[in-house]
Structures are given as structure tokens and as C-alpha cells.
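Student: For the record, the sequence lines run as chains A and B.
Just so we're aligned: the first sequence equals residues 1 to 308 in this note's numbering.
Just so we're aligned: the second sequence equals residues 309 to 522 in this note's numbering.
No wet-lab data here; the hints were simulated from the structure.
One thing to keep in mind: the hints can contain errors.
To be verified - Counterexamples of contact, computed for chain B against chain A with all Cβ distances above 10 Å:
no., residue
1, ARG315
2, LEU326
3, HIS346
4, ILE389
5, ASN470
6, PHE494
7, PRO498
8, ARG512
9, TRP514
Said to hold, decoys possible - Not everything, but these chain A residues come out facing chain B in the computed CB check (under 10 Å):
no., residue
10, HIS88
11, LYS97
12, LEU105
Said to hold, decoys possible - Covered, in the sense of this in silico footprint (three residues per stretch, anywhere, with C-beta under 8 Å from a C-beta of chain B), are these stretches of chain A:
no., region
13, 27-39
14, 71-83
From the three backbone atoms N, C-alpha and C, an ideal C-beta is built for every residue, glycine too.
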Amino acid sequence: MTENAVQIDNLVKYFDGRCVLDGIDLQIPPGCIYGLLGRNGAGKTTIIRILLGLDSPTRGQTALFGCDSLQLSAHDRSRIGYVAEGHHLIQHYPVAKLIKLAQDLAPQWNRELFDHLINTFRLPLDRKVKKLSTGMRAQLNLALALAANPELLILDDPTLGLDTIVRRQFLELAIDLIQKQGRTILFSSHILSDVERIADRVGILLAGKLVVDCPLDQLKNRVKKIRLIFDRSAPTELHLTDIISQQYDNRELILTIANWNRQKQTYLQTYNPTSLTEIPLSLEDIFIECTNPNPATLTIETQGDHPC
Amino acid sequence: MLTLIKRESQSLCLYLALPVLVSIFIAILLCLDITRRHQFSPYSPISNSMYEFFWVIAFILPPLCVGVGLYQMLTDHYQKISPFLLTHATTRSRIFLARITIGIIAVLILSLFWLALFAFLIYKYPRYLPGALEFFMPRLILLTILNLTCYSLGILIGLYRNKLIALTAGLLLPYILISLIAIKGFTLTPVILLLLITAAATIRTWQKFLTQPL
Numbered sequence: 001m002t003e004n005a006v007q008i009d010n011l012v013k014y015f016d017g018r019c020v021l022d023g024i025d026l027q028i029p030p031g032c033i034y035g036l037l038g039r040n041g042a043g044k045t046t047i048i049r050i051l052l053g054l055d056s057p058t059r060g061q062t063a064l065f066g067c068d069s070l071q072l073s074a075h076d077r078s079r080i081g082y083v084a085e086g087h088h089l090i091q092h093y094p095v096a097k098l099i100k101l102a103q104d105l106a107p108q109w110n111r112e113l114f115d116h117l118i119n120t121f122r123l124p125l126d127r128k129v130k131k132l133s134t135g136m137r138a139q140l141n142l143a144l145a146l147a148a149n150p151e152l153l154i155l156d157d158p159t160l161g162l163d164t165i166v167r168r169q170f171l172e173l174a175i176d177l178i179q180k181q182g183r184t185i186l187f188s189s190h191i192l193s194d195v196e197r198i199a200d201r202v203g204i205l206l207a208g209k210l211v212v213d214c215p216l217d218q219l220k221n222r223v224k225k226i227r228l229i230f231d232r233s234a235p236t237e238l239h240l241t242d243i244i245s246q247q248y249d250n251r252e253l254i255l256t257i258a259n260w261n262r263q264k265q266t267y268l269q270t271y272n273p274t275s276l277t278e279i280p281l282s283l284e285d286i287f288i289e290c291t292n293p294n295p296a297t298l299t300i301e302t303q304g305d306h307p308c
Numbered sequence: 309m310l311t312l313i314k315r316e317s318q319s320l321c322l323y324l325a326l327p328v329l330v331s332i333f334i335a336i337l338l339c340l341d342i343t344r345r346h347q348f349s350p351y352s353p354i355s356n357s358m359y360e361f362f363w364v365i366a367f368i369l370p371p372l373c374v375g376v377g378l379y380q381m382l383t384d385h386y387q388k389i390s391p392f393l394l395t396h397a398t399t400r401s402r403i404f405l406a407r408i409t410i411g412i413i414a415v416l417i418l419s420l421f422w423l424a425l426f427a428f429l430i431y432k433y434p435r436y437l438p439g440a441l442e443f444f445m446p447r448l449i450l451l452t453i454l455n456l457t458c459y460s461l462g463i464l465i466g467l468y469r470n471k472l473i474a475l476t477a478g479l480l481l482p483y484i485l486i487s488l489i490a491i492k493g494f495t496l497t498p499v500i501l502l503l504l505i506t507a508a509a510t511i512r513t514w515q516k517f518l519t520q521p522l
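Chain A with its partners taken away, still in its complex shape (with noise of 0.2 Å):
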């Protein structure tokens, strides 16, 4: 059986009495592209931070190829890049003695590739880091995890405060490698339609859960916005589990559901609606309606164990 590269069991993590994430599960398999959402403060970061070793969870345990994040030697911590939010850099140093130490610290440096994305990315090596622009920070930072040769790579909001160009020559260059070499990738953002592109399986964190884990097409297939028109006043009350919102407008009723299938549009049926229409939604849509404030009890179900 195939060592997942992320293993999370039972996470529980708390600051000075609030929880923070209660009881996360999440197994991320080698060659996957998981895309790690969830609001400010929802978690994500903490995740991360965990899963490195950065900080330690109250309660279970979390696993890097098949290694606890507390007992992670120097050879496990060279299978992971790192891209984090803000970009963990020695500010003072200038570029050129960062990129030293890095290279220095990293048993397998690919000199090839990193000169080959810092001729793209133009950096200045004599600037100091602390005087380089957010964008070429991120840049630096990516282009020294890559350049370790990572087999895992974390990447933590690494596009928060990027402009539009940046950011897409930014992703344009991750989807590239990673089309290429087949790593796997943890990625967290604020940007959907970025986490769209990559991700091939997302999780949802909301109010420390972990709310959905699943392929990123099955989630598409399995959160439906339905509007249903009626003849007379829409039905105040409908008996049926999953749904995530529902706005009545007179005749006018539009629910998201969650776990949709057959059955349900069935059950639906039996309410004789005159139109029943499925209105197309994007991640971003599905992920503002799973963290509504309010939302009803949502899991996603999956079907079966899906790997990437």
C-alpha cells in the first residue's frame, strides 16, 4: 500500500482556550493536488504550520511520508518545499547569500531550474529581501522550494498580495512544473479560481471542521443550486436533509443542496413545480455557500475512497 505524503489523524488545536481545529482527518495520497480552503482564521495556516512541525497540535497527530511532524529528520524535511503566507525569508540577508544558505542546507539542489526561474523572474541578487517587492518575495520563495526539489510542496496562500500579472505568471509556472513532474502539492488560498485550476481533490475547513474532502468534480456533481418555480406560493417546509441554503421569493424557490442525487431530485418532483433548473455554479459559489455563517450540517459524502 502507497505511504500517503499527508496523513492527518484526529487534529485538535487550540489558542488560549479557543479551538481552533477540531478534529481534522485528512489523508493526501503522493501525486495529488489538493487545494486547502476555508475563511480567514478558519485553520488552514495552523494546518500547515502543524504538518511542519512549526508549532504542535493539542490533540492527534499528523504525518509527513508516513514521518510524525515533531520527529521529522533533516533527509524528511528535504522532500518538502514550503511556500508560505508573508514568505518566511531572512529579511536582512541579501538575496544572493539567501539563495547561498538555501543551497547550502538542500542535498539535492537542481542549479538548472533555479537559475532557470531566476533569469525569469529577473530577481536582483544584491538587493537585500527586505527591500524586494511582495511579488518578487513570493517569487524568491517558490524558486527556492522548487529548486530543493521537493517531492511534497506546500504552499500557503503564496499568491496573497500579488497583482493579477504576478499572480497568474506565478501559477502559470506551479502548473507547469507540477504538470511536469508529478509532485504533490497542498495548496491554500484565498483565490478560488486559482485553487480551481490546480486542484484535483479540495477540503473545506469551516468552524474548525473539515466540512468537505473530496475530488474537485465530485464536488462540483454533488453541490447543486436548484431553483424551483411554482404555480402558487412555494412550499415553506421540505423534508429533505442537506440543504445548505434556501431563499423562498413567493413563487420562487432556490435551495443548494449538498450530496445531490437522484433521489432527491425525485423528491423534489413530487412538490409539482412548473420549472425545476439547475443553475451553474463555480467553486467560489459552492465554497460561499458551505461557509455561509449560518449553514445547515454539511458533509460533503464521498464516494468511496477517491485517490487523485
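Put chain B on the given structure of chain A with help from the hints.
Tutor: Using the frame of chain A, we list chain B on its own:
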């Protein structure tokens, strides 16, 4: 590991410039004073001047050694050095080992500088420093141990990441320890006590550094 040691030494070079310059300045004053006294009265003992300078360095070096530890840990925190290093092929233990290796070497260089200078003066003026070797050497060795204790307390306080606590403790702790030596005298008891404090502070720092959020 060598890369980390190299990085730590480069990082500490900036801070070490201050104690090294202070030490050299005091050493020059000491040598000038001894030369002056020697010329003025070639047969008078010059141990007084060395004794005065011993207490000067005993009051200056320990706070500077607390500063070495504080500087290492606070710089690490404010410049986010460990989080960066940990995203590469290294571990917290290696970072810590490299850090204290360089810290201890720095403290020993500072202390050995004075041991060497005093030994040189005792060698140069044997007639005018009767019993100086027996008198100064145990004190200088104790001072070296005190400096190591101050360094270990410096790294421990630095981990708490509070500049006010760091400043207060950095100024107070060395003098509390010096008072302890003054009370107990230059005997084995303060040596054992200082070694115990050093070991306890280092182990606690290690344990905290391995587990605290970065």
C-alpha cells in the same frame, strides 16, 4: 551542520564586535597602567592594578555574555530565522546545537582573551607579581564559568521573546551571580552552583526550543 555553524558565526560576528572592542580597550588600559606603574616604581608590586582590572572585567563581561545569548535568540525570533531554516533540510536540534556551539565558542574566546592576557603579564613580570598565578588563575577560571552561566541564561531568557524581560534580566542576573560569588568566595561551592545553573538553563532552553511554536 557546518552550514548552520557558519551561518551562526556570521550572524554573531556583528554582535561580538562590541564585547571584543570593549575587551581590547580595557586590555590596552591595563597594559598602559602596568607599564606606567612599572616605570614609576620598578620594584613595586603591580598586582593592585591587575586586581582592579579583574573586577572591571568581572562587572563588564558577564552582562555582555548574557547579551550574546539574548542576541542569538531575539534575532532568531524577530528575523524569523528558524522558520526559514526549518523549511530546508535541517532540524531544530541541529539549529540549536549550531547556535550554542558558536555561542559557547564566542564566550570562551572572550574569557580566554583575559586568561591569556593575565597569564602573559604574570609571565612577563614574575618578580613583581608574587603569587599572582595562584591568585588570579582560579578567579579567571571562575569568571569563565560565570560567563558560560550568563550565556546559558541569556539564551533561555531570549526564548521568552520579551525585550523588557530580556533587558531587566540581562542587567540584573549577572550581578546577582557576581554577588553570590562575592558572598561565597572563590571556592568550589560557587563553581558547582554555576555549573548546575548552566546545565539547568541549557537543558530547559533545548527542551523549550524543540517544542515552542516558531
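Student: A separate judgement is required for each hint: does it hold in the structure or not?
Tutor: Quick rundown of the hints versus the structure:
Here B:ARG315 does not stay apart from chain A, with its beta-carbon only about 6 Å from theirs, under the 10 Å limit. Its beta-carbon lying about 18 Å from the closest one in chain A, B:LEU326 satisfies the requirement of being farther than 10 Å from that chain. Listed as outside the interface, B:HIS346 is consistent with that label: its C-beta sits roughly 47 Å from the nearest C-beta of chain A, beyond the 10 Å cut-off. With a least CB separation of 6 Å from chain A, B:ILE389 falls inside the 10 Å interface cut-off, contrary to its annotation.
Once the 10 Å rule is applied to beta carbons, B:ASN470 is consistent with being away from chain A; the minimum gap is 17 Å. For B:PHE494, the requirement that its beta carbon stay farther than 10 Å from each beta carbon of chain A is met, with the minimum near 42 Å. The Cβ of B:PRO498 sits about 38 Å from the closest Cβ of chain A, beyond the 10 Å cut-off, so the non-interface label holds. Non-interface status of B:ARG512 relative to chain A is upheld: no Cβ of that chain comes within 10 Å, the nearest being about 17 Å off.
For B:TRP514, the shortest C-beta to C-beta distance to chain A comes to about 15 Å, beyond the 10 Å cut-off, and the non-interface label holds. At about 4 Å, the closest approach between the beta carbon of A:HIS88 and any beta carbon in chain B falls short of 10 Å, and the interface hint on this residue holds. For A:LYS97, the suggested interface contact is upheld, since its CB lies about 9 Å from the closest CB of chain B, less than 10 Å. Given the 10 Å rule on beta carbons, the hint for A:LEU105 holds: about 4 Å separates it from the nearest Cβ of chain B.
Given as covered by chain B, the region 27-39 of chain A fails the check, having 0 residues with a CB less than 8 Å from a CB of that chain where 3 are the minimum. Under the rule that three or more residues need a Cβ within less than 8 Å of chain B, the assignment of the region 71-83 of chain A holds, with 9 such residues.
Against the hints set out earlier in the document, violations occur for numbers 1, 4 and 13.
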